[in-house]
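Asks: Using the sequences and the hints given, assemble the complete structure.
There are 2 protein chains.
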Amino acid sequence: MYDPLLLPEIREMLLEGDAGAMREFCEVFHPATVAENLEEFTDAEIWEILTHASRSRQVEVFEFLPLDRQRELVGSADQERLAGLIEEMAPDDRADLLSELEPEQVEALLPLVAQAERAEIRKLLSYPESSAGSLMTTDYASLPGEVTVREALNRLRLQAPDRETIYYVYILDDQRVLRGFVSLRKLILSHPERRVSDLMDSDIISVRVTDDQEFVAYKMAKYDFIAMPVVDDQGRLVGIVTHDDVLDVVREEATEDAHRLAAVAPLEQSYLTTPLPIIVWKRVVWLVFLLGTACVTAFTLRQYDSAVDLLPWVAWFLPMVMASGGNAGSQSATLIIRTLALNEAQVSQWRMIAGREVILGLVLGLVLASIAFVPAYFLSHYHLTGALTVAATIAMVVLVGTFVGSMLPILFKSLGMDPALMSNPFIAALSDVGAVTIYYTLVFALLV
Amino acid sequence: MYDPLLLPEIREMLLEGDAGAMREFCEVFHPATVAENLEEFTDAEIWEILTHASRSRQVEVFEFLPLDRQRELVGSADQERLAGLIEEMAPDDRADLLSELEPEQVEALLPLVAQAERAEIRKLLSYPESSAGSLMTTDYASLPGEVTVREALNRLRLQAPDRETIYYVYILDDQRVLRGFVSLRKLILSHPERRVSDLMDSDIISVRVTDDQEFVAYKMAKYDFIAMPVVDDQGRLVGIVTHDDVLDVVREEATEDAHRLAAVAPLEQSYLTTPLPIIVWKRVVWLVFLLGTACVTAFTLRQYDSAVDLLPWVAWFLPMVMASGGNAGSQSATLIIRTLALNEAQVSQWRMIAGREVILGLVLGLVLASIAFVPAYFLSHYHLTGALTVAATIAMVVLVGTFVGSMLPILFKSLGMDPALMSNPFIAALSDVGAVTIYYTLVFALLV
Chain A
50 MYDPLLLPEI REMLLEGDAG AMREFCEVFH PATVAENLEE FTDAEIWEIL
100 THASRSRQVE VFEFLPLDRQ RELVGSADQE RLAGLIEEMA PDDRADLLSE
150 LEPEQVEALL PLVAQAERAE IRKLLSYPES SAGSLMTTDY ASLPGEVTVR
200 EALNRLRLQA PDRETIYYVY ILDDQRVLRG FVSLRKLILS HPERRVSDLM
250 DSDIISVRVT DDQEFVAYKM AKYDFIAMPV VDDQGRLVGI VTHDDVLDVV
300 REEATEDAHR LAAVAPLEQS YLTTPLPIIV WKRVVWLVFL LGTACVTAFT
350 LRQYDSAVDL LPWVAWFLPM VMASGGNAGS QSATLIIRTL ALNEAQVSQW
400 RMIAGREVIL GLVLGLVLAS IAFVPAYFLS HYHLTGALTV AATIAMVVLV
450 GTFVGSMLPI LFKSLGMDPA LMSNPFIAAL SDVGAVTIYY TLVFALLV
Chain B
50 MYDPLLLPEI REMLLEGDAG AMREFCEVFH PATVAENLEE FTDAEIWEIL
100 THASRSRQVE VFEFLPLDRQ RELVGSADQE RLAGLIEEMA PDDRADLLSE
150 LEPEQVEALL PLVAQAERAE IRKLLSYPES SAGSLMTTDY ASLPGEVTVR
200 EALNRLRLQA PDRETIYYVY ILDDQRVLRG FVSLRKLILS HPERRVSDLM
250 DSDIISVRVT DDQEFVAYKM AKYDFIAMPV VDDQGRLVGI VTHDDVLDVV
300 REEATEDAHR LAAVAPLEQS YLTTPLPIIV WKRVVWLVFL LGTACVTAFT
350 LRQYDSAVDL LPWVAWFLPM VMASGGNAGS QSATLIIRTL ALNEAQVSQW
400 RMIAGREVIL GLVLGLVLAS IAFVPAYFLS HYHLTGALTV AATIAMVVLV
450 GTFVGSMLPI LFKSLGMDPA LMSNPFIAAL SDVGAVTIYY TLVFALLV
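Protein chains in written order, with my numbering: chain A, 50 to 497; chain B, 50 to 497.
Derived by calculation from the structure, the hints in this document are not laboratory data. Careful, some of the hints might be misleading.
Just so you know, same-sequence chains aren't split out, so a pair can sit in one copy or run between any two.
Claimed, not checked - In the SDA-like style, the derived pairs of lysine to any residue whose C-alpha atoms are separated by at most 25 Å in a straight line are:
#1 K235 with D293
#2 K271 with E149
#3 K331 with L415
#4 K462 with D282
#5 K235 with R199
#6 K462 with Q395
#7 K235 with L207
#8 K268 with E88
#9 K172 with K268
#10 K172 with L116
#11 K268 with A139
#12 K271 with T91
#13 K271 with R106
#14 K271 with W96
#15 K235 with D188
#16 K331 with M401
#17 K331 with A441
#18 K271 with D188
#19 K271 with D261
#20 K235 with E136
#21 K268 with R285
#22 K271 with S148
#23 K268 with D293
#24 K268 with L55
#25 K271 with E137
#26 K462 with E301
#27 K462 with R400
#28 K271 with D293
None of the values given here were measured: they were computed from a predicted structure.
Replies: Listed below in structure tokens is the structure:
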């Protein structure tokens with residue numbers, strides 16, 4: 050996604066060692082644009098180009114590089130340069146990078162970083178993956194409530210936190226407990242002599258440091274915040290999660306869930322940048338597993354051979370019977386997985402969901418059964434009991450598929466696992482075995 | 050998701066007509082919290098409670114109500130009240146509401162709204178659904194470049210745009226062409242006598258008014274903006290898309306794609322609030338369609354009955370052969386659909402993607418074929434050609450499934466349709482018919 054017009058220009062700057070042009074390139078373009086163009090160069094070339102930019106711009110560009118590239122660059126940089134970079138990085142981006150490095154590398158880097166930063170780094174690294182704590186930055190603006198607007202603005206200029214984290218100012222008491230927040234907009238628009246505590250929103254909306262990142266995304270979407278305050282068990286402010294990180298989380302989680310639902314172990318990078326052997330591995334593990342379940346189906350079918358000998362048309366409806374259960378089950382699983390992901394329902398509502406899905410399963414099963422009756426009646430040479438057996442099987446398989454498909458994600462979530470863990474092909478495979486068993490049991494009971 | 054502790058309190062306020070308490074409830078809590086609690090009341094009760102809040106708070110709360118509830122409330126409000134509300138709503142939320150109303154209702158409302166607003170409303174309503182234009186608000190702050198920081202802050206106080214739209218100030222020339230932007234943070238931190246044009250970021254990053262909302266989300270995620278400027282064909286600023294709307298879009302699109310992939314016509318509301326008959330309808334259309342394709346499979350199987358008579362074990366492997374193609378196809382389709390949704394690949398890269406998927410299909414097919422050979426050899430009573438036929442079919446079906454699964458989303462996108470339109474169950478159904486045909490063709494050629 051680099052700019053094909055820019056690339057030759059950058060190469061020329063490098064060749065000619067044109068320091069002014071390199072500085073201009075780094076400073077004029079958005080750091081994201083600089084980063085995506087730099088990706089095309091070697092580590093040594095990237096360091097060479099970045100040298101000419103201001104320290105703060107170097108850090109900004111570096112933060113926009115993909116994590117695996119950041120890790121590579123860390124390996125090729127001299128220690129002093131690295132320490133400066135690490136020290137100036139935004140706390141959340143820094144924690145992301147350090148958690149990618151080997152523990153020994155981190156231990157080698159930490160002594161180079163100022164004492165205060167070091168404690169903060171260790172703290173951020175300690176939060177579990179995909180918790181609010183692992184997502185947050187400690188770079189926020191805070192004030193006591195009793196200052197005036199004028200004073201608040203002056204203090205903000207001194208705190209001058211990075212990027213968008215200045216737009217909400219958090220009001221803390223002397224225990225650092227969150228008491229409210231006031232937006233920079235409100236500060237700008239208010240009389241300079243007013244007290245900040247009179248202006249602040251005191252309906253405290255926050256997340257806990259241990260909350261899951263999907264819950265953070267839900268709360269951000271609900272309240273339209275630019276940043277969500279993160280508090281500890283005592284209600285003390287420990288960080289904020291910013292809108293840009295939440296957007297990334299939602300995009301990543303949607304991709305992960307989609308991959309899981311299609312029986313692909315989630316890719317860590319984008320599809321096009323993931324090497325083929327890794328994609329093979331992420332796909333083949335599930336395909337082999339599903340092949341195994343198809344094997345069970347084959348063994349099950351072997352038990353029922355005498356039916357096929359007597360009534361060959363019975364086997365023709367096997368794919369229909371199997372697909373109906375699998376399709377209905379995948380529908381239910383996906384509906385519930387998205388509902389849980391959007392926080393629109395809780396695990397505790399499982400009874401209500403089960404009730405709805407049983408009704409849905411009954412209705413869908415009956416509709417499909419009545420439609421399937423027609424070709425079954427025709428292909429079985431007007432064998433009424435035969436056609437009714439096909440129809441009854443479909444009704445039962447759809448009901449079971451719907452019920453199991455809707456309850457599995459809830460079960461997984463209640464066990465602390467990813468609700469999307471159980472892929473739709475797996476539900477289809479389960480349904481295959483179930484459908485064969487139900488179908489042939491009915492066939493033997495009613496037809497043979 | 051209302052607060053069960055708050056609800057009885059609100060009922061009491063209503064019963065006692067306690068104006069002070071109702072005003073406090075509306076003003077103290079976040080408007081999103083007020084809105085979600087109000088949802089539990091009747092339209093008349095909602096209007097009664099809101100009456101006691103300030104006009105601007107009434108509008109804020111109203112904007113947080115779900116669209117269908119807003120539409121109902123519009124029907125039960127008196128015209129004058131409505132006109133005031135509509136006039137003060139954020140332009141994007143207003144356009145969303147008006148596009149939900151009947152055209153006659155809109156025409157009845159427009160004369161009550163000020164002339165300037167009317168033109169703006171008509172303009173916003175004219176953009177196609179899910180374009181940047183339909184997502185943007187016209188409520189943004191802009192300045193000419195030659196003013197000083199002090200002047201800029203004073204002018205901003207006068208413009209005082211709503212909510213977070215104040216945080217980026219756009220610099221326009223006298224043709225209203227976008228020349229750059231400066232963040233409120235930079236303004237606050239800069240010397241009051243500096244010129245805004247010296248401070249501004251002039252690497253102009255924007256989207257076109259006709260760009261798709263997924264592209265807007267991609268650019269927002271890339272540049273970490275709070276708001277993305279939207280320009281027309283001449284580069285003139287026409288609006289901005291804010292971070293909160295993008296977050297909603299990404300969550301909605303992910304849900305829509307997941308539903309489509311599982312053969313559910315996307316729900317318009319959340320799963321739990323959608324009435325069961327509507328869910329039945331959204332699911333049954335696809336299930337019936339898939340039943341139809343299973344019928345084709347049944348008719349196809351009928352053609353090949355003589356093989357089953359001779360070699361009963363051939364039929365036992367049918368589910369395995371069908372599932373392998375469907376699973377591999379769904380994997381490819383999902384990987385490509387997410388890659389397109391995240392803007393990580395373009396339709397024009399189809400050749401490269403096809404190349405990758407053919408390699409993947411060959412490798413995955415060979416791995417699965419060698420594994421499947423073992424049970425086939427065993428269940429066919431050590432029939433070597435028979436087991437090889439099963440293995441060869443699986444290799445071919447996986448290759449074809451992978452290729453077709455990856456190319457269908459690209460084909461749909463290039464035709465201007467949703468890449469996720471073709472659901473995974475449909476790919477599985479296609480693969481079923483294909484697998485049966487390939488399998489029995491090989492069986493007849495090699496075994497019978």
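Asks: Against each hint, give a clear statement of whether it holds in the structure.
Replies: Now the hints, each set against the structure:
For the identical chains of this complex, K235 and D293 are neighbours both inside a copy (22 Å) and across copies (19 Å), given an alpha-carbon limit of 25 Å. For the homomeric pair K271 and E149, the shortest alpha-carbon distance between copies (21 Å) is at most 25 Å, but the shortest distance inside one copy (32 Å) is not. Proximity of K331 to L415 under the C-alpha cut-off of 25 Å is restricted to the inter-copy arrangement: shortest distance 16 Å between copies versus 38 Å within a copy. For the homomeric pair K462 and D282, the shortest alpha-carbon distance inside one copy (23 Å) is at most 25 Å, but the shortest distance between copies (48 Å) is not.
In the homo-oligomer, the alpha carbons of K235 and R199 lie at most 25 Å apart both inside one protomer (12 Å) and across protomers (17 Å), since each shortest distance falls under that limit. Proximity of K462 to Q395 under the C-alpha cut-off of 25 Å is restricted to the intra-copy arrangement: shortest distance 10 Å within a copy versus 35 Å between copies. Proximity of K235 and L207 under a CA criterion of 25 Å is satisfied in both settings, with 19 Å inside one chain copy and 13 Å between copies. Taking identical chains as interchangeable, the C-alpha atoms of K268 and E88 lie at most 25 Å apart only when they sit on different chains, with a minimum of 18 Å there against 34 Å within one chain.
In this assembly of identical chains, K172 and K268 lie within 25 Å of each other by CA distance solely inside one copy; the values are 24 Å within and 32 Å between copies. Taking CA atoms no more than 25 Å apart as the test, K172 paired with L116 passes inside one copy only; the shortest distance there is 20 Å, against 42 Å between copies. Taking identical chains as interchangeable, the C-alpha atoms of K268 and A139 lie at most 25 Å apart whether they share a chain (23 Å) or sit on different chains (21 Å). In the homo-oligomer, the alpha carbons of K271 and T91 lie at most 25 Å apart only across protomers (22 Å), although the nearest pairing inside one protomer, at 43 Å, exceeds that limit.
With identical chains, the CA atoms of K271 and R106 are at most 25 Å apart between copies only, with a shortest distance of 17 Å across copies and 34 Å within one. Proximity of K271 and W96 under a CA criterion of 25 Å is satisfied inter-copy only: 22 Å between copies versus 42 Å inside one chain copy. For a Cα distance limit of 25 Å, the shortest separation of K235 from D188 qualifies both inside one copy, at 21 Å, and across copies, at 17 Å. Taking the shortest alpha-carbon separations for K331 and M401, only the inter-copy value of 20 Å comes in at or below 25 Å, while the best intra-copy value is 36 Å.
Taking the shortest Cα distances, K331 and A441 sit within 25 Å of each other only across copies (23 Å), while inside one copy they are farther apart (38 Å). Taking the shortest Cα distances, K271 and D188 sit within 25 Å of each other both inside one copy (23 Å) and across copies (21 Å). Taking the shortest Cα distances, K271 and D261 sit within 25 Å of each other both inside one copy (16 Å) and across copies (23 Å). In this assembly of identical chains, K235 and E136 lie within 25 Å of each other by CA distance solely across copies; the values are 22 Å between and 32 Å within a copy.
When the C-alpha separation of K268 and R285 is checked against a cutoff of 25 Å, the pair qualifies only within one copy, where the shortest distance is 19 Å, while the shortest distance between copies is 34 Å. Taking identical chains as interchangeable, the C-alpha atoms of K271 and S148 lie at most 25 Å apart only when they sit on different chains, with a minimum of 22 Å there against 30 Å within one chain. Within a single copy, K268 and D293 get their C-alpha atoms as close as 14 Å, and across copies as close as 11 Å, so both meet the 25 Å cut-off. In the homo-oligomer, the alpha carbons of K268 and L55 lie at most 25 Å apart only across protomers (19 Å), although the nearest pairing inside one protomer, at 40 Å, exceeds that limit.
In this homomeric assembly, K271 and E137 come within 25 Å of each other (Cα to Cα) only across copies, at 21 Å, whereas the closest approach inside a single copy is 32 Å. Taking the shortest alpha-carbon separations for K462 and E301, both the intra-copy value of 19 Å and the inter-copy value of 21 Å come in at or below 25 Å. For the homomeric pair K462 and R400, the shortest alpha-carbon distance inside one copy (15 Å) is at most 25 Å, but the shortest distance between copies (40 Å) is not. Both within a single protomer and between protomers do K271 and D293 lie at most 25 Å apart by alpha-carbon distance, with minima of 16 Å and 9 Å respectively.
The structure meets every hint from the earlier list without exception.
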